[in-house]
Each structure stands twice: as structure tokens, then as C-alpha cells.
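Q: Listed below, chain by chain, are the residues.
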Amino acid sequence: MDPVQLIGSLTAISLLAWLAARLFPTRDKLESSDVIVDYQRFNPDAQIETPILSKTEDAAIVPVRIPAGQLGLVTKLGDQLVCRTLTADQPPLTSIVGNRLTLSHQDFTQPPLTLVYSDADIAKIHTLIAALTPMERIPHAV
Amino acid sequence: MPFDDLFKPTDYAVPLFVILITAELIYGWKTGRIKYEGKDAFASMFMGLGSTVAGALAFTAIFTASFWVWENYRIFDFGLELTFSLFLLAFVLEDLAYYWIHRMGHRMRWMWAAHVVHHSSQHYNLSTALRQTWTGDLTPGIFFRWPIFILGIHPSLIFFCAGLNLVYQFWIHTEVIDRCPKWFEAIFNTPSHHRVHHANNPRYLDANYAGVFIIWDKIFGSFVPERTDEPCNYGLVNDLDTFNPLRIAFHEWVGIFKDITGAKSWRDRVLYLFAPPGWTPDGSRMTSEMIKAAWHARRDAGKVATK
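Heads up: the protein sequence lines correspond to chains A and B, in order. Per my numbering, the very first residue in the first sequence carries number 1; after that it's consecutive. Per my numbering, the very first residue in the second sequence carries number 143; after that it's consecutive.
In short, the hints are calculated from the structure, not lab data. Errors might be hidden in some of the hints.
Unchecked claim - Below 27 Å or equal to it, Euclidean Cα-Cα: the simulated DSS-like pairs (lysine-lysine) are:
| hint | chain 1 | residue 1 | chain 2 | residue 2 |
| --- | --- | --- | --- | --- |
| 1 | A | Lys55 | B | Lys172 |
| 2 | B | Lys181 | A | Lys29 |
| 3 | B | Lys177 | A | Lys29 |
| 4 | A | Lys29 | B | Lys172 |
Okay, chain A solo, but in the shape it has when bound:
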């Protein structure tokens, strides 16, 4: 491919993406109601509890009452939401250090996520995740 054509294409792509970002700014915060709607769309029969939003309000853990042995994860990607169901069959690699929860999925569809929670929420999340997968909790960052 002609290098000039390549650079020209990259420039045009960057300009169009910049224009798209300017004309369609994304909403900053994730709302609990959006999380519930999104999770129920993919899991219509699940009975869920109030989502636990991260402090940065860009992700939420969804406690699932029925079916048992599941946990929801809804993250914000630009102006869209991404829904995952965490199960004991294919648990993510998980660690909690202080107030930070890190999740690494065993695939290539999502980079490792670090979510920051309040003291009360991180304790709840630890209990929920420990039911899915054995996990070490380190109370404070080393």
C-alpha cells in the first residue's frame, strides 16, 4: 500500500473520529437503572439485587439471587454497556487489595479491570466473589 495513501487514510480516520467524539459526547456516569436493564436484557429470568457501583461509576457488580452461583458484571464502554455473567465454571482471576478489586477474564475479550469500592461495598463484593472462586484478600496495598 502506498505510504502517502496510508497516512492520508489515518489522518481522515482520526479527523472523523475526533468529529464524532465532539458531536456525540459520552455520558460520564453509569446509572444503577441502566445496569439493571442491561443485565436483565441478557439474563431475563435472573433475579438480581441492587447493583454495586464502583466509586468511579464506570462498572458495577450485580448480585444474582437466582440462578445461584452467578454474579453479574456490567461495565461502561464509551456510551455503551458490556454485560458479563461470572460463573464458578469459568471464574475470572480475581484479587482484592485494599479497596481495589481486579478481575482478569480467561479470554481476550476484555482487558483486566480494576474497580475501586468503598469499605462497605468491598466487603460485600468479597463475600460474593468468594462464593464463586477461591480468592485471597489483602487488606491493604503492600
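Given chain A, put chain B in place with the hints provided.
A: Only chain B this time, still in chain A's reference frame:
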């Protein structure tokens, strides 16, 4: 005109793509009917650029193999001069081959690993049309065009028609156009038909594989019309949580590699490549059939709002 003088349609269409995306952006901003997201649009268009580069790198090998088949195994000799009737025949046959390549792109995980890229945005706008694979030439897709070469149509003409087919499909990736005239909707692939194809609603899964002529879906039983009472939700049944082009391009290949290396038998290894996406030996993941069956069961139980 000899076939060697045929141009590459996608190269010439790029300025048109830029103009139409700009127009759709402004229209969406003014009316609020269309949504774009900067990073998503960048990822889509960057994947398109990468696809062009990957296609150029693989073209010599693909063309040489195709030419070899045509030269050694063709049944009829259509000559080397382009006539309107030959062009029409080539265009229709290439579109039929495209239908099956596309259908297998959804039904065979090996081919899905390449094609999933095109479905990995949750947006449906003209930039989505450019979100193309980098690895399409690493799949068995090319073999679906070999019958046309064996019939005797020159590969240059078929690749020219394939380029025109791709250019045609650009404009159907939009929500700006609701419905086209009835006669057009009956024969051609349209924004309405293709919205269904990109939707992840259970009702709409595995439908409308057409390139240019929607009649193939009607003939082969994969046509599903868009419904006004069920708007399309776009994306995958397991959406990606990234705009990283490398993850977009290779995530399913990584998934296949992990599944194959962890498989317990050769049967499972083969099926991880050739079975539909979502297949596992223990049924722990969902194929599109399983998703649709679950949806039908819910509908029959009266748990789905729409008819």
C-alpha cells in the same frame, strides 16, 4: 475491456465513504436519530484500514491459487473480454458465493473468528461498515469461489465483482434510512434487512446473510424481516469490552487456540474449529440455536412481551 484493466472498486470508493460518514455524523448530530461514539468510530475505521493492508499482503497468494484453479480446471471458456452479460453472470454468481461465505462465517467458528470483527461494535452506522477483518484470508472462505473459477469465469472479474459487492454493502449500514421502496426491499439487501443481520436480539440471530441480493436468504430460508415492535440491539451476544484493535482482531482466534489446547480429544479439537460459535463438548456455552430455543421457550411460556 480486458480483465487486467479492471480497477479495484474499494480504492476508488474511499473518498465517498469519508463524505457519507461525515454527512451521517452531521445528520445524526442535528436530528438525534443516529449515534456515534468517537473511540468506537476510530476502532471501526482503523480495522477497515488494517483490513485493506492485510488484504493487499495476502492478495498475491489468493489470486495465484485462484488463477491456477481457473487455468487448469475450467469447464467453459468465457474469453478474456468483458461483456455486459458476462459481467452480470459473474456478479450474480459472486453474490451467491458471498452469501455462503457469509453464512458459513456465522456458522463455522474458524470463519467466525475472522468475521466476528465486523459485528463487534454495539453501534450501527456507516463507520461500522468499515469494521472489517484482518484475517479473512486465513479461513476456508476462498474455496466458496472456486466453483465459479471451475465454471470458467476469470478470477480478475470475480475479485472485481467482490469489490463492487463490498462497496454496495457500505450504504446499508445505517439507521438513517428506514425502508426502501417495496420492490427494492424484495430484491436487494437494504438497511432494514441488514440491521436485522447485525442485531443480537434472539429473534434476529443468524439471519439475512445477503450481500447485494436478499433473494438468496429467501431461497435458502434465512430471511427475517425487521419488525417495528422489536427494535434491533446491535453487537455480539457476548460483547467486547475494548476498543483495542488487536483484541478486536484476534480475540476469537485466542479463544479457539485456548479451547483447542485444552481439549480432551481430537473430535473436540476439530469441532472447536468447525462447529458453530459457542459450541462446547459439555454445552456450557450457548450457540445461537440454544439462545433462540431458550427465547422460543420463554415466548411460549408467555414471558416475552412481543409476539
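Q: Hint by hint, say whether it matches the structure.
A: Tested hints:
1. Between A/Lys55 and B/Lys172, the direct Cα distance comes to roughly 34 Å. Violation of the 27 Å bound is thereby established for this hinted pair.
2. Taking the CA atoms of B/Lys181 and A/Lys29, the gap is near 17 Å; set against the 27 Å cutoff, the hint holds.
3. Restraint check for B/Lys177 and A/Lys29: the C-alpha separation of about 18 Å stays at or below 27 Å, so the hint holds.
4. For the proposed pair A/Lys29 and B/Lys172, the alpha carbon gap of about 24 Å is at most 27 Å, so the pair holds.
Checked against the numbered hints given earlier, this structure breaks only hint 1.
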